[in-house]
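K.L.:
Whenever a hint applies, use it, and build me the whole structure from the sequences.
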Amino acid sequence: MNVRKISTITELVFTEGGRAVPAPVRTAVVLAVIENPWAGQGFVQDLAPGIDSVASDLGALLAPRVVEALGAPVEAYGKAAIVGLDGEVEHGSALIHTLKFGDHFRKAASATTLLPAVEKRAPAGATFDIPLKHITDATIRSHHQSIEVRLGDAPRPDEIIIGLAAAAQGRPQARLAPLSSEQ
Amino acid sequence: MLFWPGIAGLCCGALTGAWVPVSVLWHTRDPLAGRITGTREKRTHMAAGTALAPAPELDLARAVQAAGAVLRKVVVHEDEVLREGGLVVDGLVRRVAAAAVIRNPWVGRGHVADLAPAVAATAPLVARALAHLLLDAAGGAHRVEAFGKAVVVGLDGEAEHGAAFIHTPYFGDVLRWATEGTSIIAFSEARGDAGETITVPMWHKTAAATRSHYQSVQVRVPDAPRRDELVLVAAVSTSARPRARIGDRTTDAPFDPSDPAAYGHGNGDTGTSSDSTAGGAA
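Heads up: the protein sequence lines correspond to chains X and L, in order.
Going left to right, the first sequence walks through residues 1 to 183 as UniProt numbering numbers them.
Going left to right, the second sequence walks through residues 1 to 282 as UniProt numbering numbers them.
There are no misleading hints in this set.
The calculated label-pair distances, taken between Cβ atoms and stated as ranges, are: (1) X:Q41 to L:G264: 40 to 46 Å; (2) X:T139 to L:H142: 46 to 52 Å; (3) X:D137 to L:G86: 43 to 49 Å; (4) L:Q65 to X:K107: 35 to 41 Å; (5) X:D86 to L:F255: 38 to 44 Å; (6) L:H142 to X:P157: 38 to 44 Å; (7) L:D90 to X:Q45: 36 to 42 Å; (8) X:T112 to L:G192: 41 to 47 Å.
Simulated from the structure, these hints should not be mistaken for laboratory data.
All C-beta atoms in this analysis are idealised placements derived from N, C-alpha and C, irrespective of residue type, glycine included.
P.N.:
So this is what it looks like as structure tokens:
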């Protein structure tokens, strides 16, 4: 696995809707820019060998970093795969839609639910939104949220951005009725 | 001086059973001024789910409010470069930009002649908080080699409003002091809408003309600045550009821009891969 750079973005929100929040609202994203393992190989039918050689290492690289960057217990989480223009979306999906990748984060965050994801093909400098949901109950509405990020020089056509996002709480000033109130 | 734990809550995780490696930063502080004079990094383990106390500067939203302003959010963007030009980079190459979104104190008040009072009340608090975050990410003032600053003024503000915040002592002097620098600080400024990508130039913190340290880092706050906001940015780098190899003013070949021979007579690229003598291995 060739990693060109690792970018960490942390966000702290102090006010929302003109009102102070009780404690800073913390969100963190860690992005690894890697060489597409299938670059230059034409259409590869069997992605399993590439997945086996990269996905777990990527999960092990990113999970502790995003937990550390957040600096607080993880309550919501999500993941991302942004494939450079010469690749297939399937390449990015291959690396993040496997337990080999996601279980590192699940374990580090004491989480149980599926990780919501964004997958797309895009040029360098594209913005993308990483969706986050609650780590143990994906129906908890207060924790449905997303964070927008961008790297100016990635992904190159033969690269993939793989990312993890973590939030220490739900949305700032969340005040929607729970799902159960409509059932 | 005393050691002050920047992050608390390192123990008591046995119940969860899930231990993850984290990097804990211990700051050497001047307890009176709150100045961060150094940071050492200590690899340790923390139980997943262990509560961490926020750094004290992050309570500054209240302090800024008490000073008559509003701090809405802070975004920190850190790039760690591992490969450049296809080759592995030697040493730690980490560039960090920290951006604070504050309400423009002068929007809606017409032409305000004296900008100093609002800046003096707010800028030092914001600058100190941003410096804290930068040093946390960089690993301490001793790791910082280059620095820069920037401002984006929301659409209803004046360029002068941004200048007031970053070109007066209340912001730059705090960054220079916290990073133990002496140079004038490289900067960029713009007026723009929310989501403007901010390219922050940086140069060496004690020797601004050092060419190897000319570099920049980008940061972007998707929802800021609003029309009545300012985004204030401070940035640091822990190294020169990876694989810097363009010499310096002391090593440049003679070049005279008034000499017609200076134009169009170059022999182009004669380099071969063996010219790449900078460190690193494939």
